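Peer 1: At position 88 of the sequence shown the residue is numbered 88 (the UniProt record's numbering), and the sequence of numbers has no breaks.
Check each hint, because a few of them may be wrong.
[What the hints assert, rightly or not] In silico lysine to any residue, SDA-like type, Cα no more than 25 Å apart, as pairs:
(1) 128 with 95
(2) 128 with 94
(3) 128 with 99
(4) 128 with 63
(5) 105 with 132
(6) 128 with 51
(7) 128 with 50
(8) 96 with 68
(9) 96 with 67
(10) 105 with 91
(11) 128 with 54
(12) 128 with 116
(13) 105 with 129
(14) 105 with 117
(15) 96 with 57
(16) 105 with 119
(17) 128 with 60
(18) 105 with 133
(19) 96 with 120
(20) 128 with 88
To be clear, the hints were calculated from the coordinates, so they are not data collected in a lab.
Small disclaimer: the values here were computed from a predicted structure and weren't measured.
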Amino acid sequence: MYILKNMFDIISKENVKFKLQHIYSKKEVLNVNASDGKFHGTALQYASLEGHIGIVELLLANGVDINASGCERSGNALQCASGGGHEGVVRLLLAKGVDVNAQGKYGDALQQASCAGHEGVVQLLLAKGADVNAQGEDSDAL
């Protein structure tokens, strides 16, 4: 069985999509919803944070929980992608039905994108119904 540390090792190295496809094709046990419980959260959160759209696609195709919150700072993968300005990942997650208003320690995806100055991401989130009046622990989107 692969442990979570190996999942993060896989995501952070070259040819990650091939490696994950190989693992899935071998039907080996891999808990794609596991979390490190700290900074990175789940594999989906980490891949989204880094903008690895191919990995995000592969994880979604293999049953990952799109709304999982695996770390104390992020509400879900959308918040991670939004804060990093990864429009492609944001589009994909929104198309797959991620909770656009999920809250984390530092607010929601709209707050993350707004704070980081990612106007394109802000527009995507607003078009999908992000709540501009949502209150985070420390702030709101405005």
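Peer 1: With reference to the structure, classify each hint as holding or not holding.
Peer 2: Status of each hint after checking the structure:
no. : hint         : verdict
1   : 128 with 95  : holds, 9 Å
2   : 128 with 94  : holds, 7 Å
3   : 128 with 99  : holds, 10 Å
4   : 128 with 63  : holds, 23 Å
5   : 105 with 132 : holds, 17 Å
6   : 128 with 51  : holds, 20 Å
7   : 128 with 50  : holds, 22 Å
8   : 96 with 68   : holds, 14 Å
9   : 96 with 67   : holds, 10 Å
10  : 105 with 91  : holds, 23 Å
11  : 128 with 54  : holds, 22 Å
12  : 128 with 116 : holds, 19 Å
13  : 105 with 129 : holds, 21 Å
14  : 105 with 117 : holds, 19 Å
15  : 96 with 57   : holds, 10 Å
16  : 105 with 119 : holds, 22 Å
17  : 128 with 60  : holds, 19 Å
18  : 105 with 133 : holds, 16 Å
19  : 96 with 120  : holds, 19 Å
20  : 128 with 88  : holds, 15 Å
The earlier numbered hints are all upheld by this structure, with none contradicted.
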